[in-house]
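Participant: Take a look at the letters that make up each chain.
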Amino acid sequence: MATLSLQHIDKIYDNNVQAVYDFNLDVKDGELIVLVGPSGCGKSTTLRMVAGLEDISNGKLILDGKDITNAPAKDRDMAMVFQSYALYGHMTIYENMAFSLTLRKENPNVIHKKVLAAAEVLGLTSQLNKKPAQLSGGQRQRVAMGRSIVRNPKVFLFDEPLSNLDAKLRGATRREILLLHKRLQATMMYVTHDQTEALTLADRIVCMSMGHVQQVGTPLELYDSPANIFVASFIGLPPMNFFDTVVQGDKLIGEGFEVSLTPEEKHTVAAYQGKQIVLGVRPENIVLGNDVPATVTMNENLGMNTLVHGNIGNTGVKVTAKLKGWTDYKNGDTASFTFDRKHFFDKETTQAIRGGEL
Amino acid sequence: MTTQDERFITRDRMRFIKNSQSSNLCYLGILFDVLYFVNIYRSDVGTYYYNVSIGISIVYNLIFLLAAFLASEGVKNYKKSYSYALFVIGAIQFARIFYIPMKAHSATTVVNDVAVKVMGDGQFMKVVAYLALSGAALLIAGFINMKKCNELEEHLKSIGEQAA
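Order-wise, the sequence lines are chains A and B.
In my numbering, each number is its position in the first sequence, counted from 1, plus 1177.
In my numbering, each number is its position in the second sequence, counted from 1, plus 414.
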């Protein structure tokens, strides 16, 4: 059990490329933090700095009140699970799981007890005499996790552990990680570019872009109150629709449509009267109605829902709606939508417009 | 942990840990056999060794190397039958002392009209030691494997699992 504090951490490589800018985060004891963002946003670099695999250029890393900024990786008491599993192919699963403890010259009987306990937790007991090549991808990833568990580290670090798995296995292994976290109550940091993983696993999500932290919050906070256009577009599938609009009285005027604002919404954008703002609407917050006419370009039935893609009016402004049930629009059909829930963003700063108290 | 727990865990570990002790002893047996073989034939004793026994010796040595290597793999996985194989090839290593080395040690041959002892005391002691060490390593490997196999069988029976 451990608390981890990342304070003003920068990563600047020798060629002066800065990968991480002023990263601040306090990870609570037993918390599962997910770092999410597109490729190259600095999330893996941050995790590697925490693990001690990369030097920290500026800032401090505190584990349980102890400064470990410059401590070597082996002294940090953290275990990392990699995307590629990093298992030894010539060793059995038992030997792979016992390996780190054997290197530490622990009592073989103690190692045995720890390996069996970890295998039990991960459902690997019947696989212990097999070689990694005889296991499925999901099982191999569980072995990699088992190798971490036997060490009983203060912090578990996961670097895109599910990326090598197919969709079905990814879902199953994701649930196993979640159960594992509930069972171990361990402090974990998890890196992924998959927002579904982030939303389902995290106690809190750190959303990153271009080396900067964009928002830190619970999955619901990021989904429901995104801090800026980047977070709004990154979290949620299909992504949020964005429209350039102008605030006029209690209406938002966009290209080819206008929508009314509720009193609360009007209050939120009060400071933007006559100015341009970006209106964000999630596809699932669009329902059939009379406000926004659209020409359908594609109808994707998903079973429970249908994704209807179209252009607003005769403009080129694209809109995607996630409608409940099964619809059968053809290309060129006209549909009319109403926006249920709206998000507002400053066009200049791209930050969310929160408004003041009513 | 009590001593009984310790004993149980030590036995339980055998389910997952290979019998490297026996296996390594087999490799040691092979090593000493190779040392014996490269030391047995001297080149300056004329045609003493030029008879059927040299062929038999070479062929047997190849068979020995193969059998000992197979046995080393077998005992690694707690296969009891390989213990018997090790007892046989281990015993043969001792028997070999009385074949070429002993005969060569007591024989003389004439080279350039000079009587030469085919195998001097030094060489004799050396090759006898190599064969004896090889045989001993294989016998000990067989005994250890036999003991561990019995322990593992008993342990598996006690926890209700089938032996492999």
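Hints are supplied without guarantee of correctness; some may be wrong.
Straight-line C-alpha distance at most 35 Å; calculated DSBU-like pairs for lysine-lysine [as the list claims (entries may be wrong)]:
(1) A:1282 - B:571
(2) B:432 - A:1251
(3) B:493 - A:1452
(4) B:561 - A:1307
(5) A:1501 - B:432
(6) B:494 - A:1282
(7) B:540 - A:1282
(8) B:571 - A:1331
(9) A:1307 - B:517
(10) B:571 - B:540
(11) A:1290 - B:571
(12) A:1291 - B:571
(13) A:1237 - B:571
(14) A:1243 - A:1307
(15) B:490 - A:1282
(16) A:1307 - B:490
(17) B:490 - A:1251
(18) B:493 - A:1524
(19) B:432 - A:1282
(20) A:1307 - B:540
(21) B:561 - A:1291
(22) B:540 - A:1291
(23) B:540 - A:1290
(24) B:561 - A:1251
(25) B:432 - A:1308
(26) A:1308 - B:540
Pulled a few chain B residues facing chain A out of the computed Cβ check, cut under 10 Å [said to hold, decoys possible]:
(27) 418
(28) 420
(29) 423
(30) 426
(31) 427
(32) 429
(33) 432
(34) 479
(35) 483
(36) 487
Some chain A residues well away from chain B (every beta-carbon gap over 10 Å; in silico) [to be verified]:
(37) 1191
(38) 1253
(39) 1306
(40) 1490
Bear in mind the hints are in silico, worked out from the structure with no lab data behind them.
Remember, it's a predicted structure, so these values are computed and weren't measured experimentally.
The C-beta atom is built at its ideal place from N, Cα and C for all residues, glycine as well.
Participant: It remains to establish, for every hint, whether it holds in the given structure.
Facilitator: Going down the list of hints, with the structure as the test:
no.	hint	verdict
1	A:1282 - B:571	holds (31 Å)
2	B:432 - A:1251	holds (28 Å)
3	B:493 - A:1452	violated (83 Å)
4	B:561 - A:1307	holds (25 Å)
5	A:1501 - B:432	violated (59 Å)
6	B:494 - A:1282	holds (30 Å)
7	B:540 - A:1282	violated (38 Å)
8	B:571 - A:1331	violated (39 Å)
9	A:1307 - B:517	violated (51 Å)
10	B:571 - B:540	violated (46 Å)
11	A:1290 - B:571	holds (20 Å)
12	A:1291 - B:571	holds (23 Å)
13	A:1237 - B:571	violated (56 Å)
14	A:1243 - A:1307	violated (40 Å)
15	B:490 - A:1282	holds (22 Å)
16	A:1307 - B:490	holds (15 Å)
17	B:490 - A:1251	holds (33 Å)
18	B:493 - A:1524	violated (75 Å)
19	B:432 - A:1282	holds (18 Å)
20	A:1307 - B:540	violated (44 Å)
21	B:561 - A:1291	holds (27 Å)
22	B:540 - A:1291	violated (48 Å)
23	B:540 - A:1290	violated (47 Å)
24	B:561 - A:1251	violated (40 Å)
25	B:432 - A:1308	holds (13 Å)
26	A:1308 - B:540	violated (43 Å)
27	418	violated (12 Å)
28	420	holds (6 Å)
29	423	holds (4 Å)
30	426	holds (7 Å)
31	427	holds (5 Å)
32	429	holds (8 Å)
33	432	holds (8 Å)
34	479	violated (23 Å)
35	483	violated (18 Å)
36	487	violated (14 Å)
37	1191	holds (45 Å)
38	1253	holds (29 Å)
39	1306	violated (6 Å)
40	1490	holds (69 Å)
When each numbered hint is compared with the structure, violations occur for hints 3, 5, 7, 8, 9, 10, 13, 14, 18, 20, 22, 23, 24, 26, 27, 34, 35, 36, 39.
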